[in-house]
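> All chains, please: the whole structure from these sequences, using the hints.
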Amino acid sequence: MGGSVYGSPFKMLGAADKMLDMANFDWRRLLDALPCYVTLQDPELRVIWSNSVHRRDFGEPKERACARIYKLSKSQCVDCIVKKTLEDGEGHSRELQLTSKNGQRLNVIAHSAPFYDGANQLLGVVVTKVNITSVKEMQKQLIMVGQTVAGMAHSIKNIMMGLDGGIYIVNSGIKDNDQSEIKDGWEIVLLNFEKLSRLVKDILYCSREREPNYKLINPNLVVTDVYNLFKDLADRYSIEISLDLDSGLKYVVIDPDGLHTVLANLVTNAMDACKMDLWKDTHLIEIRTKTGDDGSTIFEVADNGMGIDKELKHHVFEEFFTSKGDKGTGLGLMVTQKILKEHGGEITFRSRPSHGTTFVATFPKRSVEDTKPGGES
Amino acid sequence: MPKKILVVDDEPHLVKYMTAFLEDSGYETCSASNGEEALEVLKRENPDLVTLDLQMPNETGTRFYRNKTKNKLYKDIPVIVVSGLPGRHLAVSQPFAVFEKPVDRDALLEAIKKAIG
Ligand SMILES: Nc1ncnc2c1ncn2[C@@H]1O[C@H](COP(=O)(O)OP(=O)(O)OP(=O)(O)O)[C@@H](O)[C@H]1O
Ligand SMILES: [Mg+2]
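Protein sequence lines correspond, in order, to chains G and Z. For the first sequence, my numbering assigns the number 3 to the initial residue and increments by one for each residue that follows. For the second sequence, my numbering assigns the number 6 to the initial residue and increments by one for each residue that follows.
Check the hints yourself; a few may be wrong.
Where chain G lies over chain Z, by a calculated footprint (3+ residues, C-beta under 8 Å) [to be verified]:
| no. | stretch |
| --- | --- |
| 1 | 14 to 25 |
| 2 | 29 to 38 |
Here are the simulated DSS-like pairs of lysine-lysine, each with C-alpha atoms no more than 27 Å apart in a straight line [what the hints assert, rightly or not]:
| no. | chain 1 | residue 1 | chain 2 | residue 2 |
| --- | --- | --- | --- | --- |
| 3 | G | Lys185 | Z | Lys118 |
| 4 | G | Lys315 | G | Lys277 |
| 5 | G | Lys177 | Z | Lys80 |
| 6 | G | Lys177 | Z | Lys8 |
| 7 | Z | Lys118 | G | Lys159 |
Just so you know, the hints here were simulated from the structure itself, not pulled from any lab data. Since this is a predicted model, take the numbers as computed values, not measurements. Note that the Cβ used here is the ideal one computed from N, Cα and C, for glycine as well.
Printed below as a string of structure tokens:
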């Protein structure tokens, strides 16, 4: 305050009076201070004046029409509130999506009000727009939370059905004094209990930010671990798992638990894809390790299973997206992607429907300092 | 003679559960784990009712239902849909009843009695 222009006329006044007078003297200062867009438009819809927030986001109006300034589509101009106010002299409001001068999409609520001169002649329209982009963003997140909860409920319902079944069979085994039936039922109970634990673990994993627990490890050993874990199971479905390890890979800095989870998720998916594939007689899964040109560590899990359809391609990383009905929760890849992001890496895939899929997980190079407790990542 | 029910579900545990429960309730059962097999069993065993899980992979449940409905011999066999996905039963046109997982056993039994006695 106190620029030379305003300095002299108010010298004698108290602070409050001074301010009030200043507001009367230059109302533009008030409008410029508002955290919303204010414009004055003429009957040809040209913007002939705008406040500073508006100039910041949309540039000088230069008497351009609003449709041009905001890059509005024709359909957005149907029901124009400025036109309405010009016709009926009343205020109107509606939601709009604008494009700023930097190409940013902004959601606003726009209000129009008539602008009269001293003789009650309608000169134009004053439009105020409140930016509600962040509210919209929040709304989107709430919808996502809702979907997440619905997906969770669905998974839990399936598990409950399984538990129900197991308990029923155990009970009838007890009634008939049939040991093998009790054993069968109990196995079903345990399996579903296992599913429930995994679901809870996955959900917790998704719900918090987590710093990887970096350690200096030999990645080939983790791969071999996962291989040993799955090879018997794969055998039962006559799927062959093989390894193609880069023996030059010695020690890298990766969270070993995270890596284990990533590989286990990818191999489980590969096995499912093979089980569901009806076209081929022999099914193969290969786990590969490589060193990237930039020193990154690359893990690949390739299968010759059913592949991923074009329509599904864009959804596989979404939480609770699954094509496996009862059997999947749709969290596997979501968790996998999260682990890679936390490592600063990425996961991609290539797939040919009914031929097979290869997932590629890339962990960036890290220095040993990262493994020290409290070390920066 | 006891009535026969065909249980179609790709999850072996659920097949075991459903058949055990239905047999305990005095029905004969047969089962199938996918749509193609279900059609074969349908022809061979000539069941009085079908319970169908609609979440089987590759939409086989829905396809089975369509094939069944197209065939004059089988189109009148009542179908009870069991599904964990709300709204999923809309994929078939006229199920006798729809149950969401986990299934309420008493209600299921009641529906079956109403359909075939
Ligand atoms: N190797 C693959 N081949 C074909 N489809 C795949 C493969 N990996 C993932 N998908 C597709 O991506 C979907 C999502 O995978 P994701 O691992 O997130 O969930 P899920 O395996 O269905 O369930 P969960 O892993 O939680 O038990 C799968 O349902 C499947 O449709
Ligand atoms: Mg998975």
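> Holds or violated: Lys118 (chain Z) and Lys159 (chain G), Cα atoms, limit 27 Å.
Satisfied, since the Cα-Cα distance of roughly 25 Å is no more than 27 Å.
> Mind checking the alpha carbons of Lys177 (chain G) and Lys80 (chain Z) for me, to see if they're no more than 27 Å apart?
38 Å, violated
> Tell me whether the statement that chain G covers the stretch 29 to 38 of chain Z is true, taking a Cβ distance below 8 Å and needing three residues at minimum.
violated (count 1)
> Holds or violated: the stretch 14 to 25 of chain Z covered by chain G, criterion of 3 or more residues with Cβ-Cβ distance under 8 Å?
n = 8 at 8 Å, threshold three: holds.
> Are the Cα atoms of Lys177 (chain G) and Lys8 (chain Z) separated by 27 Å or less?
The given pair, whose Cα atoms are some 24 Å apart, holds under the 27 Å limit.
> Does Lys118 (chain Z) lie within 27 Å of Lys185 (chain G) when you go C-alpha to C-alpha?
31 Å, violated
> Between Lys315 (chain G) and Lys277 (chain G), does the CA-CA distance stay at or below 27 Å?
Given that 27 Å is the threshold and the Cα spacing comes to 19 Å, the pair holds.
Violated hints, listed in ascending order, are 2, 3, 5; each of the other numbered hints is respected by the structure.
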